Amino acid sequence: MDAKIKAILPVLFFMLACSGGSGSSGGDSAEPAITEMQLGVTQTATIETEGDVDTFHIRATEANRFLNVNCNEKSSGSGVELMVTVFEEDASGRRVRLFGKHKPQDATPPADLDMAIYIDRPKELYITVRDLMDDDASTDIAYHLTCAFMESSRENHDFSNAQALNIDTSDVYYDAIESVGEVDCFTFSPVVAGVYRVSVDHVSQQYISSNVQLSAELWDASGDRIQAVSAPNDTILSFLDPDDGPYYVTAHDSDDMHVDAAATYAISVGAVEADETLANDTEETALALSADAEGAFSAEGAIEYASSSASEDHGPDIDWYRFALSDSLSEFQTVRLDISNQTGTNPASILRVVIYDEALDIVTSHDFYCSGAPYENRFRTRGGVHYVSVTPLNPGKLEAGAGYQVRLQPTDLGGDDNNTENDATELQSGVEVEGAVDYHSDVDWYSLMVDTSAGGVIAVDLVSDSSIIDYQLSIWRGVEMIKRISDLSGAGAGAHLKTAIFVPRDSQGSAVYHIKVGDAQNDEGSDVPYRLTAVKTTAPVVVGAIPEIGAGDVLRYYNESDEQSESGGTFSEVELEIFSGYQPTYPANTDWLDFRSDILPDGVETAALPDGATRITFPWITGYIDYQGDRDMFRIDFDKLSPDGEETAWYYDVEMRLVVPQPGSDVEYVWKLYRDRNQNGVIMDDPMSPDGYKACAGDDDPEVREGLDVMVPTGDQTFWIGSEWGENAKFYFGVGDFNYEVFPDSGEPPVENSEPDDDWGYDAPYYFKLQLTYHPGKAWPD
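Mapped onto the working numbering, the consecutive letters of the sequence shown carry residue numbers 145 to 926.
Hints should not be assumed to be uniformly reliable.
What the hints assert, rightly or not - Derived pair list, reagent style DSS-like, types lysine-lysine, alpha-carbon separation capped at 30 Å:
1. 627 with 642
2. 784 with 838
3. 627 with 680
Hints listed in this document are in silico derivations from the structure and should not be mistaken for laboratory results.
Keep in mind that this is a model prediction, so the values were computed, not measured.
I would like the entire structure built from these sequences, with the hints used as guidance.
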């Protein structure tokens with residue numbers, strides 16, 4: 145064997161050792177008894193006590209061969225999960241772990257553990273056998289430990305007898321992993337320097353159900369591993385020089401635990417035509433780019449080969465370019481970056497494109513997936529020399545040259561203000577302004593002076609016709625962020641964000657609110673403008689009656705200012721779990737639907753009926769959905785009508801009328817009756833949950849703007865709550881806006897509503913009236 149072949153063997157040994165784990169052991173302070181072993185002679189012993197560790201020593205004197213270590217039990221039932229570990233003793237007497245295997249925990253079949261250790265030179269080996277958790281033992285069922293060199297004189301399991309491959313893609317060699325730990329070795333010698341493809345592929349018809357997952361490595365004659373790949377993309381694409389050959393390829397199961405003689409794989413080597421090799425691979429040899437008539441710099445190339453080695457002799461193909469930005473523009477300028485792939489590029493390829501300044505500090509970078517759409521972005525930088533590098537990010541998936549185009553279009557940034565709240569652009573209520581997230585990490589701040597002597601709403605609307613920006617909009621008062629929403633569609637689609645917050649009345653008279661606009665990930669920029677409007681609206685102080693409400697009826701206005709300040713009634717906190725990441729808390733009015741107190745609230749009336757039932761009539765209640773996500777909540781406790789009553793069964797007929805006067809409202813008003821089963825103030829916006837809503841009704845058409853008058857129940861419907869819910873059963877009536885995520889009756893698949901459907905405002909209020917009929921003695925109607 146020549147020197148080059150000898151040099152590669154320690155590297156192969158390292159690979160095999162790593163597959164069994166890493167770490168070291170210096171042994172216990174009290175050295176256990178050590179049993180000497182002979183090659184081919186079986187040692188039989190038992191794990192006699194819990195924590196027992198048996199240690200064996202063997203001298204492996206033959207080099208360049210695989211040592212097979214086998215430990216098995218002849219029968220089942222020992223209860224011991226055997227663990228076998230092989231250590232090498234180094235020159236300083238320190239034992240380094242090479243490989244280990246154990247019987248699965250609680251496994252019933254007898255152990256049969258096989259390990260293949262590559263011996264590149266004579267060495268001292270120590271083998272320990274113990275229970276996996278050191279908590280089981282058996283004196284009845286023994287284990288059998290044997291060490292023997294694997295016969296490989298007629299096989300390609302060593303580099304000394306590696307199977308020679310012709311450099312011809314049509315000349316395919318077939319093999320299989322037929323034993324645990326088997327490594328198949330191949331070799332080839334290029335005549336000319338160039339790019340070569342090594343393909344290691346399962347023969348699919350025979351591989352369908354195999355557990356073998358191939359891993360393949362390419363080595364040069366000096367012991368450097370050039371590239372490693374794993375199934376299902378077992379293709380190596382590398383630049384090879386004959387002076388570094390011959391080259392070796394190893395193939396084995398990825399974790400060296402599975403075998404399948406029927407899982408045939410095919411291996412072949414072929415030369416690949418490449419347009420460029422060993423050119424512009426460093427910043428010193430970067431290809432200079434010239435500006436075109438539009439002042440843009442364009443680069444077109446291909447990543448022809450890859451490498452997973454850190455060796456300077458076997459690096460991947462890297463394309464470097466150099467371009468100079470004009471210093472005649474403003475201090476900062478933006479550069480539009482466009483990346484696209486060439487036709488025929490493997491879509492599984494990923495290219496990393498990095499922009500550097502003259503000091504080679506990274507300005508921006510992007511991992512471009514060749515399967516995706518062209519990429520565009522804008523970044524901010526100063527004038528002067530810049531560099532571009534393009535490298536393969538996933539060498540195991542580079543099966544062919546990955547072609548690309550990069551274009552850089554500089555533009556003067558011009559005004560770059562309102563980047564902080566200290567230089568925010570002042571807004572006027574209802575007046576639209578235009579802005580842009582010009583570059584990644586760019587943010588725009590706006591301020592709005594708000595009168596706080598009366599409660600009201602700040603509504604913000606942002607629209608962009610077409611932009612890659614994943615817009616994020618937030619509203620602040622001082623250092624407190626009150627609201628944040630995002631549009632993560634991006635990808636060139638139009639954006640529309642709208643939100644609103646309630647501004648409670650306070651004694652300040654006026655206050656400054658800030659609005660911040662940026663990219664949600666701070667990694668994209670675009671010159672496509674957005675339009676922003678902020679409107680401050682004062683909440684109505686009173687709401688009048690409508691013709692549907694009879695003369696003399698009591699009308700109670702659920703004023704948001706009273707709710708926010710929890711004045712004008714008694715409130716309890718209720719948490720509404722809309723989804724896992726959104727669980728807002730609302731004050732719930734506990735007075736207006738209270739019908740079981742000694743003193744009834746204003747407008748609540750009771751009347752005895754001839755059949756022994758009692759009718760409870762509540763006043764009309766009116767209000768608005770004041771801001772995004774607002775819900776007006778009212779608690780109602782269903783229990784026997786008189787707290788001192790003796791009845792054990794009862795039920796209530798429930799009648800609910802919801803009215804929205806003409807010409808209607810943008811808000812799709814809907815009421816829901818939630819059950820608080822656990823009486824803990826936590827309910828869910830899910831009809832299937834025990835704490836979800838049990839009934840609902842309201843505006844069921846996003847296009848209808850006319851008036852609304854909905855009565856539940858109607859016709860043959862029944863709507864009742866009975867004693868089967870338990871004593872003091874707490875429920876919540878909630879009135880809110882219904883959001884259409886998909887359009888009703890839009891077919892299959894349903895048509896998604898791409899526009900935000902949250903609605904609020906003071907165009908028209910809702911009115912609802914609740915009536916209960918109490919029936920003692922029965923838990924449900926006949």
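A quick look at each hint next to the structure:
| no. | hint | result |
| --- | --- | --- |
| 1 | 627 with 642 | holds (11 Å) |
| 2 | 784 with 838 | holds (20 Å) |
| 3 | 627 with 680 | holds (16 Å) |
Hint check: no violations occur; every hint is consistent with the structure.
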